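Peer 1: So the protein sequences, as listed, match chains A and B. Under our numbering, the first residue of the first sequence carries the number 27, and numbering increases by one thereafter. Under our numbering, the first residue of the second sequence carries the number 27, and numbering increases by one thereafter.
The hints are simulated quantities; they were obtained by calculation from the structure and are not laboratory data. Hints are supplied without guarantee of correctness; some may be wrong.
If several chains are the same, the list does not tell them apart, and a pair holds so long as it fits within one copy or across any two.
As the list claims (entries may be wrong) - Derived lysine-lysine pairs resembling DSBU-like cross-links, with alpha carbons at most 35 Å apart:
#1 Lys-162 - Lys-480
#2 Lys-480 - Lys-93
#3 Lys-379 - Lys-475
#4 Lys-379 - Lys-421
#5 Lys-31 - Lys-162
#6 Lys-450 - Lys-301
#7 Lys-301 - Lys-446
#8 Lys-311 - Lys-475
#9 Lys-108 - Lys-480
#10 Lys-311 - Lys-301
#11 Lys-108 - Lys-238
#12 Lys-162 - Lys-446
#13 Lys-406 - Lys-162
#14 Lys-238 - Lys-475
#15 Lys-296 - Lys-126
#16 Lys-440 - Lys-429
#17 Lys-406 - Lys-296
#18 Lys-480 - Lys-301
#19 Lys-108 - Lys-120
Keep in mind the model is a prediction, meaning the values are calculated, not measured.
Protein chains: 2
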Amino acid sequence: MSIIKLVANSSFYMQYNYQIREDKSKNLIECCQETQLMSLCQGTRDYNPKQMAIREKVFNTIISCFKRHGAETIDTPVFELKETLTGKYGEDSKLIYDLKDQGGELLSLRYDLTVPFARYLAMNKITNIKRYHIAKVYRRDNPAMTRGRYREFYQCDFDIAGQYDPMIPDAECLKIVHEILSELDLGEFRIKVNDRRILDGMFAVCGVPADKFRTICSTVDKLDKMSWEDVKNEMVNEKGLSEEAADHIGEYVSLQGGMDLAERLLQDQKLSQSKEACAGLSDMKLLFSYLQIFQVTDKVVFDLSLARGLDYYTGIIYEAVLTQVGETVSVGSVAGGGRYDGLVGMFDPKSRKVPCVGVSIGIERVFSIMEQKAEASAEKVRTTEVQVMVASAQKNLLEERLKLTTELWNAGIKAEVMYKKNPKLLSQLQHCEDSGIPLVAILGEQELKDGVVKLRTVATREEV
Amino acid sequence: MSIIKLVANSSFYMQYNYQIREDKSKNLIECCQETQLMSLCQGTRDYNPKQMAIREKVFNTIISCFKRHGAETIDTPVFELKETLTGKYGEDSKLIYDLKDQGGELLSLRYDLTVPFARYLAMNKITNIKRYHIAKVYRRDNPAMTRGRYREFYQCDFDIAGQYDPMIPDAECLKIVHEILSELDLGEFRIKVNDRRILDGMFAVCGVPADKFRTICSTVDKLDKMSWEDVKNEMVNEKGLSEEAADHIGEYVSLQGGMDLAERLLQDQKLSQSKEACAGLSDMKLLFSYLQIFQVTDKVVFDLSLARGLDYYTGIIYEAVLTQVGETVSVGSVAGGGRYDGLVGMFDPKSRKVPCVGVSIGIERVFSIMEQKAEASAEKVRTTEVQVMVASAQKNLLEERLKLTTELWNAGIKAEVMYKKNPKLLSQLQHCEDSGIPLVAILGEQELKDGVVKLRTVATREEV
Chain A
27 MSIIKLVANS
37 SFYMQYNYQI
47 REDKSKNLIE
57 CCQETQLMSL
67 CQGTRDYNPK
77 QMAIREKVFN
87 TIISCFKRHG
97 AETIDTPVFE
107 LKETLTGKYG
117 EDSKLIYDLK
127 DQGGELLSLR
137 YDLTVPFARY
147 LAMNKITNIK
157 RYHIAKVYRR
167 DNPAMTRGRY
177 REFYQCDFDI
187 AGQYDPMIPD
197 AECLKIVHEI
207 LSELDLGEFR
217 IKVNDRRILD
227 GMFAVCGVPA
237 DKFRTICSTV
247 DKLDKMSWED
257 VKNEMVNEKG
267 LSEEAADHIG
277 EYVSLQGGMD
287 LAERLLQDQK
297 LSQSKEACAG
307 LSDMKLLFSY
317 LQIFQVTDKV
327 VFDLSLARGL
337 DYYTGIIYEA
347 VLTQVGETVS
357 VGSVAGGGRY
367 DGLVGMFDPK
377 SRKVPCVGVS
387 IGIERVFSIM
397 EQKAEASAEK
407 VRTTEVQVMV
417 ASAQKNLLEE
427 RLKLTTELWN
437 AGIKAEVMYK
447 KNPKLLSQLQ
457 HCEDSGIPLV
467 AILGEQELKD
477 GVVKLRTVAT
487 REEV
Chain B
27 MSIIKLVANS
37 SFYMQYNYQI
47 REDKSKNLIE
57 CCQETQLMSL
67 CQGTRDYNPK
77 QMAIREKVFN
87 TIISCFKRHG
97 AETIDTPVFE
107 LKETLTGKYG
117 EDSKLIYDLK
127 DQGGELLSLR
137 YDLTVPFARY
147 LAMNKITNIK
157 RYHIAKVYRR
167 DNPAMTRGRY
177 REFYQCDFDI
187 AGQYDPMIPD
197 AECLKIVHEI
207 LSELDLGEFR
217 IKVNDRRILD
227 GMFAVCGVPA
237 DKFRTICSTV
247 DKLDKMSWED
257 VKNEMVNEKG
267 LSEEAADHIG
277 EYVSLQGGMD
287 LAERLLQDQK
297 LSQSKEACAG
307 LSDMKLLFSY
317 LQIFQVTDKV
327 VFDLSLARGL
337 DYYTGIIYEA
347 VLTQVGETVS
357 VGSVAGGGRY
367 DGLVGMFDPK
377 SRKVPCVGVS
387 IGIERVFSIM
397 EQKAEASAEK
407 VRTTEVQVMV
417 ASAQKNLLEE
427 RLKLTTELWN
437 AGIKAEVMYK
447 KNPKLLSQLQ
457 HCEDSGIPLV
467 AILGEQELKD
477 GVVKLRTVAT
487 REEV
């Protein structure tokens with residue numbers, strides 16, 4: 027039937043955005059922002075259709091990138107046995123949600139996707155996989171929803187497990203962060219890299235006792251939010267480090283650079299005494315050589331102040347931050363990750379290790395930015411993909427409207443019809459405008475007699 | 027660069043399945059089925075990459091259908107305030123998962139997507155929406171995983187909220203079930219329809235006391251699993267119904283038909299005495315007239331034994347079952363739904379009602395069937411979409427391989443490279459075969475000198 031071809035061929039039907047033409051339209055989205063009567067759990071949110079459209083766009087960008095790099099995907103349950111999560115997150119374990127004991131097993135909601143991934147690898151004896159996983163995780167943190175911090179939030183993880191030559195998978199993870207943040211077009215960003223071995227070596231040569239490495243590391247991790255004076259104060263007065271050791275650390279953590287810094291530090295009289303630091307620094311050089319080939323060194327900085335909180339990292343670590351134009355202050359981390367060669371072994375009865383490196387994109391912040399952008403722009407986000415509305419100007423044509431709609435649906439065309447016996451033409455056209463439907467097929471007695479259908483573009487009222 | 031065009035133009039790159047050519051390949055999927063060392067929570071499952079590929083295919087079919095019918099999508103949190111779920115599910119409420127009280131609000135995991143949807147509408151004062159929602163729900167039921175019954179499982183819901191002319195949205199929901207089950211190609215199916223008003227009218231004229239309607243309804247609901255004798259026994263001996271009333275019910279619930287049955291029952295001496303039943307029967311006639319226009323009456327049966335357990339239904343109810351070839355025994359429900367005009371009002375402080383009708387596709391059973399099909403067939407399911415593998419036959423070409431891979435990635439082509447300095451050509455080709463990568467770009471000293479790349483199809487070893 028010709029209308030099917032007409033609609034299918036129309037260039038409108040894949041458009042994502044369309045210009046606002048009338049503001050009087052009753053807009054679902056606006057309703058959604060009114061006072062809330064029933065309440066949601068603290069720190070959680072609904073996604074309305076407009077927010078979902080943005081979310082879908084962000085996910086598509088991220089998933090395309092993961093697929094471009096050859097990743098498979100897996101899924102794991104939202105809850106795990108409590109013991110699976112125990113002892114993996116250090117001080118943050120207090121933020122884990124537990125389920126009520128209703129008889130049976132003790133369960134907890136997943137805190138991240140990395141530990142379930144390691145459990146999955148061990149359980150299925152997988153030693154080689156490149157996988158992505160996009161799912162919600164749960165943390166009983168203080169919510170700060172305007173800043174994109176929720177108790178339920180998405181993580182988009184990409185990980186490479188397997189025994190490979192050093193730094194090649196690690197470099198690919200950074201390439202992926204670079205691609206995704208560039209494509210999402212969120213403005214300037216920077217990817218800081220460091221290595222746990224360099225940190226540990228640095229702590230050792232600065233005179234930090236071995237049993238304080240992790241806790242001092244947690245304090246260093248606060249440098250993106252606190253001044254050096256406050257960090258030093260916490261080290262010395264709360265964690266009992268000598269002032270001299272703290273000052274030594276202070277010198278190192280102020281350093282930033284690229285491959286040249288790694289080379290310089292390999293010559294550093296003190297740091298070069300640590301075998302661990304040297305191994306990390308050599309790998310850092312190697313990493314930068316691959317990053318050059320991948321053409322991403324413009325955004326990557328070797329930054330000795332980067333520490334990252336989680337316990338399970340064993341090698342390279344990294345974190346991407348958005349940097350506001352004209353400022354060097356970071357406005358928040360949007361991706362992070364690193365190498366964790368020991369985690370899978372924690373789940374294996376024979377402690378067999380599977381080396382892993384991965385990255386997690388934290389997209390709630392990205393959503394916030396995209397939503398603000400969408401609101402600020404004159405573009406209206408479509409929340410459906412309907413190509414054509416089947417309408418009529420006259421009464422008693424419900425059956426004919428439904429028949430034509432059926433034909434369109436059966437031909438795979440996205441079509442809508444009003445669920446009223448005798449809707450007004452104006453309200454049918456209004457619905458098209460509100461939801462951005464580009465075409466309207468108008469039925470009338472005369473057209474039915476002639477066996478034709480008028481197809482109009484909604485925006486111009488012109489016949490196609 | 028020409029290789030980019032070559033790969034991009036290759037007809038292979040969107041293929042989903044490919045023939046198994048070598049069985050010796052170490053297959054991830056097989057590993058996944060080995061004995062499990064770490065355990066998962068009871069009634070939950072991981073999805074391995076092969077299962078995810080099948081899941082993605084099923085979701086795409088379902089989402090395309092929902093979008094074809096003009097639905098927007100929303101998302102809600104995995105947990106709700108406990109009070110939101112209280113009093114909505116009747117006897118099934120005992121199956122709700124509660125979270126541990128860790129200070130703060132009392133939370134429960136969502137039991138379905140319908141109650142959160144109603145809460146969302148009330149909270150945002152939405153009176154008109156057509157939305158779909160695909161997400162996991164949680165029930166502390168006895169798991170029967172081989173039959174596709176899990177404690178964590180997906181629901182794919184499509185609902186139409188709003189005040190419209192009778193039976194048009196209801197008929198569209200059935201059209202959607204018909205489209206999805208046809209497209210998923212799961213074999214024969216049947217969609218049973220009934221109406222809560224017809225059931226209630228039937229109970230009234232059969233002499234069931236009004237306060238026993240819901241509990242007798244629950245017993246009738248078991249007719250798909252139990253014989254009439256057992257159902258009658260439960261009514262009489264457990265629920266205290268008179269034998270006479272039970273026998274009367276027995277006569278009605280054996281009836282099946284189409285519009286003709288609705289017409290006949292409108293003339294039924296007893297049933298026509300119930301105003302409620304008559305309203306339901308008239309609407310059933312109207313429904314069938316729309317189903318005829320939608321061309322779906324071949325699969326739809328008006329079945330007076332269909333009851334459905336949930337409390338919130340107020341009008342039309344339906345359930346789709348797969349019917350094995352040659353048998354009339356149903357092998358399980360794969361979709362269900364109905365009209366629930368009172369649920370949104372339960373969340374509104376002024377009890378404003380928003381009429382709703384919807385359908386939920388329960389896809390775990392669908393996954394099981396599709397997975398069995400995939401295993402039985404000679405087709406291997408691809409778990410990545412990689413178009414080309416960048417390989418080399420000679421040593422010391424890592425940098426060149428990474429450079430070419432970077433070019434491909436930057437051009438948007440899905441490409442892989444082995445993370446080894448000097449991988450064997452055979453192991454690179456083996457990887458292509460294992461994961462169905464159609465093309466391989468082979469670098470060698472001579473090609474580098476000549477500034478060209480050999481592009482071969484993996485299956486035939488021929489140059490492209």
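Peer 1: All hints, please: hold or fail.
Peer 2: Here is how each hint holds up against the structure:
Taking CA atoms no more than 35 Å apart as the test, Lys-162 paired with Lys-480 passes in neither setting, with 47 Å inside one copy and 43 Å between copies. In this assembly of identical chains, the alpha carbons of Lys-480 and Lys-93 lie at most 35 Å apart only when taken from different copies (24 Å versus 43 Å within one copy). Taking the shortest alpha-carbon separations for Lys-379 and Lys-475, neither the intra-copy value of 76 Å nor the inter-copy value of 41 Å comes in at or below 35 Å. Taking the shortest alpha-carbon separations for Lys-379 and Lys-421, only the inter-copy value of 28 Å comes in at or below 35 Å, while the best intra-copy value is 73 Å.
Taking the shortest alpha-carbon separations for Lys-31 and Lys-162, neither the intra-copy value of 41 Å nor the inter-copy value of 38 Å comes in at or below 35 Å. In the homo-oligomer, the alpha carbons of Lys-450 and Lys-301 lie at most 35 Å apart only across protomers (32 Å), although the nearest pairing inside one protomer, at 80 Å, exceeds that limit. With identical chains, the CA atoms of Lys-301 and Lys-446 are at most 35 Å apart between copies only, with a shortest distance of 25 Å across copies and 77 Å within one. For the homomeric pair Lys-311 and Lys-475, the shortest alpha-carbon distance between copies (28 Å) is at most 35 Å, but the shortest distance inside one copy (78 Å) is not.
In this homomeric assembly, Lys-108 and Lys-480 never come within 35 Å of each other (Cα to Cα): the closest approach is 62 Å inside a single copy and 52 Å across copies. Only within a single protomer do Lys-311 and Lys-301 lie at most 35 Å apart by alpha-carbon distance; the minimum there is 15 Å, versus 83 Å between protomers. For the identical chains of this complex, Lys-108 and Lys-238 are intra-copy neighbours only, at 27 Å inside a copy versus 42 Å across copies, given an alpha-carbon limit of 35 Å. For a Cα distance limit of 35 Å, the shortest separation of Lys-162 from Lys-446 across copies, 33 Å, qualifies, whereas the shortest one inside one copy, 39 Å, does not.
Taking identical chains as interchangeable, the C-alpha atoms of Lys-406 and Lys-162 lie at most 35 Å apart whether they share a chain (27 Å) or sit on different chains (30 Å). Taking identical chains as interchangeable, the C-alpha atoms of Lys-238 and Lys-475 are never at most 35 Å apart, the minima being 87 Å within one chain and 55 Å between chains. For the homomeric pair Lys-296 and Lys-126, neither the shortest alpha-carbon distance inside one copy (52 Å) nor that between copies (50 Å) is at most 35 Å. Within a single copy, Lys-440 and Lys-429 get their C-alpha atoms as close as 14 Å, which meets the 35 Å cut-off; across copies the closest is 43 Å, which misses it.
Taking the shortest Cα distances, Lys-406 and Lys-296 never come within 35 Å of each other, neither inside one copy (59 Å) nor across copies (57 Å). Taking CA atoms no more than 35 Å apart as the test, Lys-480 paired with Lys-301 passes in neither setting, with 79 Å inside one copy and 44 Å between copies. Both within a single protomer and between protomers do Lys-108 and Lys-120 lie at most 35 Å apart by alpha-carbon distance, with minima of 12 Å and 22 Å respectively.
Violated hints for the displayed structure, listed by number in ascending order: 1, 3, 5, 9, 14, 15, 17 and 18.
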